[in-house]
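Each protein sequence line maps, in turn, to chains A and B.
Per the numbering used here, the first sequence starts with residue -1, numbered consecutively.
Per the numbering used here, the second sequence starts with residue 5, numbered consecutively.
Derived by calculation from the structure, the hints in this document are not laboratory data.
Note that the structure is a prediction, hence the values are computed from the model and not measured.
We put the beta carbon where it would ideally sit given N, CA and C, even for glycine.
Heads up, a few of these hints could be off.
[As the list claims (entries may be wrong)] Pairwise CB distance ranges (calculated): (1) A:D142 with B:V399: 47 to 57 Å; (2) A:A235 with B:D295: 53 to 63 Å; (3) A:T182 with B:S165: 37 to 47 Å; (4) B:D359 with A:D142: 17 to 27 Å.
[As the list claims (entries may be wrong)] Below, simulated DSS-like cross-link-like pairs (lysine-lysine); rule was C-alpha separation at most 30 Å, straight line: (5) B:K248 with B:K497; (6) A:K252 with B:K400; (7) B:K248 with A:K252; (8) B:K495 with B:K248; (9) B:K248 with A:K123; (10) A:K103 with B:K495; (11) A:K208 with B:K158; (12) A:K259 with B:K495.
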Amino acid sequence: MTSNSDELVMNPEVSRRGFLKGCTMAAAALGLSDAMIPKLVEAAANPQKPPVVWLHFQECTGCTESLLRASHPDIGRLILDIISLDYHETVMAAAGHQAEEQLQKTIKEYEGKFICVVEGGIPTKDGGVYCKISGRTAMDILADVAPKAAAVIAIGSCAAFGGIQAAEPNPTGAVGVRDLVSGTPVINVPGCPPNPVAFLGTVLHYLTFKRLPETDYLGRPLFAYGRKIHDHCERRAHFDEGRFAEEFGDTGHKAGYCLYKVGCKGPETYNNCPTARFNDAGVWPVSVGHGCIGCSEPAFWDMMSPFYERLPGVPIPGGDGIVASAESTGKKILGVAGAAIGIHAAVGIGKRLVKGKSDDEK
Amino acid sequence: MAERITIDPITRIEGHLRIDAEVDGGKISKAWSSGQMWRGIEVILQGRDPRDAWLFTQRICGVCTTVHALASVRAVENALGLEIPKNAQYIRNLVQSIHCLHDHIVHFYVLSALDWVDVVSALQADPAKTAALAQSLSEWPGNSVKRFKAVKEKVKAIVDSGQLGPFSNAYWGHPAMTLPPEANLMAVSHYLEALDYQRKANKALAIISGKNPHIQNFSVGGVTAAINLDNEATLNMERLYWVKQLVQEVQGFINQVYLPDIVAVGALYKDWLQYGAGVTNYLAVPDMVLDTKGTKFDLPGGTIFDGDLATVKPITSFNDKYFEDNVVESIAHAWYDGDWTRHPYEEDTVPKYTDFQDDGKYTWLKAPRFQGRPMQVGPLAQLLVGYAQGHELTVKSVDNALNLVSSVAGVQVGPAVLHSTPGRHVARAVRASMMAELALKHWQLLVDNVGRGDLEIFNPPTFPQGEQRGYGFHEAPRGALSHWIVIRDGKIKNYQCVVPSTWNAGPRDEAGQAGPYEASLVGNPMADAEKPLEVLRTIHSFDPCIACAVHMLDPHGKEMIKVKVV
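In isolation and in its complexed conformation, chain A is listed as follows (with noise of 0.2 Å):
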């Protein structure tokens, strides 16, 4: 049995081999032609690591723990290989004063020159006193970090948009990165937590070219976001023609269809999911018969939730299904669903947040 322990450490050509079709795969999700691998494979194995500092906030570590669930590359050759993970609260082995000095050092040394990650939000209330670590608050130390990086990767939810402590009614003021943080780039990579798919070939694009893959309006890679979850879904065809999981457990949960009226966020959320999977293991939620939350959305645990609620807005399709007609209908009623989404953006449970993408995201 070989494994990928065994391929970094005992066998260079086959370890090579894995590496090069990690960095095929990259260049696939990043839509690079293969042209580019060589050079995405000569950034990704440079013998000067890029140092990166990893700030953890108001977090649940989730986001790291996806890392660890990576296999391409896996977290071993990610910070063994390819990055110097020179601050990281979770795994590195210094700790208090001597943690805090390998901070200081790595900004200093690399300045301009870093890649900082940021997990979790940011209290800004009562100065910030909800989440400190030695001695300084989560603001002071983004002010004094993020100034100095190349670029700033907010990872997750919360980095991105505040997540989860930004719900209503947001105890300690949190808000994510980007609205603190002008001057320095900040391209965000949300999810609750994101795929690591996401995460890595934002970094690998960045090594490669040395500038931030191109973002939506909200600031994420269209390599993991440019589409909508309900596009690509697998049981797409059942909403089209009109089958649906009632209630779990039903015959038609048992069936496979439509999760849409067990509450289903997949038509309003922008994402990889059906497409990238998780674990490796050619998973996501809706296969496994629950309904997506929108979890890469801003404040989706406030404008998503009731989570087993349908979201509003959506035409559903009669009960012959839209195959029936598609020849002479089908493009009008899709049409037409499309912009019920976005007018109807605004609603949930009548307390949803106004959102909605731009007509070019349509």
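Based on these hints, arrange chain B on the given structure of chain A.
Below, chain B alone, put in the same frame as chain A:
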């Protein structure tokens, strides 16, 4: 004259923890444990749909992903008097046991091993002698000269590059690091393999739960993973066998690598078996439930006081009054307004930050107490409670591990050595081994039940008008977890989590009794106060999770706006 040290941040844990200690004559004489982050998730839950609570509370922690999800759905079901189908119990049991395998492996290798293992010393190791050492402990195929040689070269390449990354500025060469180079090299090799096996456990978990961290296959009333042996979009035998195979592979790693490594560390650091006992009152709740009502379990629960196994008193069901009536929390030394001690259903809290006050308030963590006593929770508590009750699997597993420790240490040891810093690691590895066995047992129970034609996974909840109260517990990887809910007219009125790391990392109470972290540090040696490695050893042995530990509830949410910083 005592010297005061502050370690902030404590790294290789979940969350933001600060430890203060007074060192006198090379030993710690007094300690404080302080949680440094607060989010107010329970405030956010008020007024929401109780069916959504598990999705919110799961985000209390991404390391302890799944555990708050499970306690939450159980709390709502308990309030409603709702039983769930057998298949749903078994699937939830698979989720908790498989998650536990990942969690315990990661805790030792990624979060704790570097307290005991000197990575740089591995460069002095002889790969052949390393293989001989490793093969004396187990027959794991990865324990080869070739592999150890390759790992040594990998370590050398990293050290030579000058970019040590996460291994920078650590306590390499510290006088308390006493493992021989070969043991260090073996552990580094296993550290890298552990990354593979924790990923396999997660893959098995994802097959039944959609993704992780943060699974998405629960619901109040059961699970959402439909079972249909004749459909490709549901749980079928292809999916289920994949789960079984992965669990078996992980079980191999646990029994042949993780457990022997812990035995070796415990035996080679046998001096440490005298340190870190701290609070020897123990609390565990029963879990791996076998029936729809929650009255039969594969893991026993109960309490032990003053380290005396004869005092064991069992906790026996989802409606256990002994548990429900005896849990309270104190805010005497926590950053909340007031100084009361109350039952979780009755708590009423307003944050009030004061900065660190040695004799006053110094943490965001509350101090949970059982019958007024501080309790240690976690795998050690669970094992001791089971051992004291003569639980067959526990007795067999504990005795087996103690015999292994005895043979490597060259001295016969009994259960008493488990009240220690290494003892908590031994207990965790033993528990991992038990959970692998139970995961496979519950996999079989699920398959047998499905084979009898039962495909039920969900009983729909209905929320009556008026008020309902309930609690749900779960023996999580870090110990006894309980969620307490008050529902009014179908909405959440009150929500409170009493969490393992709050039991362990909480502060002093109104009577001045220290929490388990604080008590366990007293008497620990300290070779160099500038490099407090010993503090990390004892604190990490509890597997801290501070995001979990800090929580609060304010039934009068509006008052939050008035909070002032003092």
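* Which hint numbers doesn't this structure obey? -> 2, 3, 5, 6, 8, 9, 10
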